[in-house]
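Asker: Sequences are here, hints too, so could you generate the full structure?
Same order as they appear, the protein sequences are chains C and A.
Count along the first sequence from 1, then add 13; that gives the number in my numbering.
Count along the second sequence from 1, then add 2; that gives the number in my numbering.
There may be inaccurate statements among the hints.
[To be verified] Now the in silico label distances, taken between C-beta atoms and shown as ranges: (1) A/G100 to C/P39: 21 to 29 angstroms; (2) A/D55 to C/T53: 14 to 22 angstroms; (3) C/K70 to A/G18: 29 to 37 angstroms; (4) A/D58 to C/E28: 41 to 49 angstroms; (5) C/S41 to A/I14: 19 to 27 angstroms; (6) C/V26 to A/S99: 22 to 30 angstroms; (7) A/G98 to C/P39: 39 to 47 angstroms.
Note that these hints are calculated values from the structure, not bench results.
All values derive from a computational prediction rather than experimental measurement.
All C-beta atoms, glycine included, are put in the ideal place defined by N, C-alpha and C.
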Amino acid sequence: ILNVEQSPQSLHVQEGDSTNFTCSFPSSNFYALHWYRWETAKSPEALFVMTLNGDEKKKGRISATLNTKEGYSYLYIKGSQPEDSATYLCASIPRGDRGSTLGRLYFGRGTQLTVWP
Amino acid sequence: DAGITQSPRYKITETGRQVTLMCHQTWSHSYMFWYRQDLGHGLRLIYYSAAADITDKGEVPDGYVVSRSKTENFPLTLESATRSQTSVYFCASSGGSGRARYTQYFGPGTRLTVL
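Answerer: Printed below as a string of C-alpha cells:
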C-alpha cells in the first residue's frame with residue numbers, strides 16, 4: 014500500500030479567501046500525481062495530471078505545483094467561491110518493477126473544502 | 003451515449019443475498035476499477051482490471067468477486083451481502099495514451115443499502 018497523505022482533512026473559508034492544501038506521497042519510484050475534484054453527491058472529476066518536478070498546472074482560479082524530490086504537491090484556490098466547495102483528492106502513481114506501472118492510483122483521503130458566502 | 007455507466011443506481015437488499023453491480027464503458031479503456039466510498043476513508047479500491055481476463059485485488063477485496071470477460075464490462079458481485087457493505091460504489095476506467103492515460107473517469111455511482 015502506497016501512503017498518500019492530505020492535509021488538512023477539512024477547511025472552512027469565507028468567499029473571496031485564497032486557500033491551499035497539501036498532498037504528500039513517496040518520492041521514490043514516482044511516476045505521476047493526479048488531482049481530482051469531488052462534489053457532494055457527484056463523481057470525482059480529474060483536475061490535473063503532473064509528472065515532472067517543478068510542474069505547475071492552472072485551471073481558472075485553481076492551480077497546482079509538484080515537487081517530486083521531496084514528495085509533495087500543493088493545490089491553490091485563489092478567491093474561493095461557494096461553488097469551489099468540494100473534496101479535493103490527490104492520487105499518486107508509482108513506477109513499478111521494470112519501469113512500468115500497474116495503472117493503479119493510490120488516493121489520499123482528501124481535503125474537504127467548504128466556502129461560506 | 004459514450005461514457006461510463008453503472009446500474010442499478012440504487013439498490014436495497016438483505017443480509018445474505020447475492021448482489022451484482024454493473025459497470026459499462028464505451029471508450030475501450032483497458033483499465034477498470036471498483037471503489038467504495040466510506041466516511042473517513044475517502045475512496046477505497048476493491049478490485050481493478052488491466053485488461054479483459056486480468057483482475058487484481060485492491061485494498062478491500064474480501065466479500066467481493068469480479069470478472070471481466072469483455073473489455074467494456076466489469077461487474078462487481080457481493081456474494082453474500084453484509085451490513086458493512088452498505089456504501090456508495092464507484093466504477094472507473096482509464097486508458098488512452100501518454101502520461102494522462104491513467105486519468106480515471108468515474109461512473110455516477112451505485113448507492114447500495116444492505117438491511
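Asker: For each hint, tell me whether it holds in the structure or not.
Answerer: For each hint, the structure was consulted:
no.	hint	in the structure
1	A/G100 to C/P39: 21 to 29 angstroms	holds, 23 angstroms
2	A/D55 to C/T53: 14 to 22 angstroms	violated, 36 angstroms
3	C/K70 to A/G18: 29 to 37 angstroms	violated, 48 angstroms
4	A/D58 to C/E28: 41 to 49 angstroms	holds, 44 angstroms
5	C/S41 to A/I14: 19 to 27 angstroms	violated, 45 angstroms
6	C/V26 to A/S99: 22 to 30 angstroms	violated, 38 angstroms
7	A/G98 to C/P39: 39 to 47 angstroms	violated, 25 angstroms
Going down the numbered hints, you'll see the structure goes against 2, 3, 5, 6 and 7, while the others check out.
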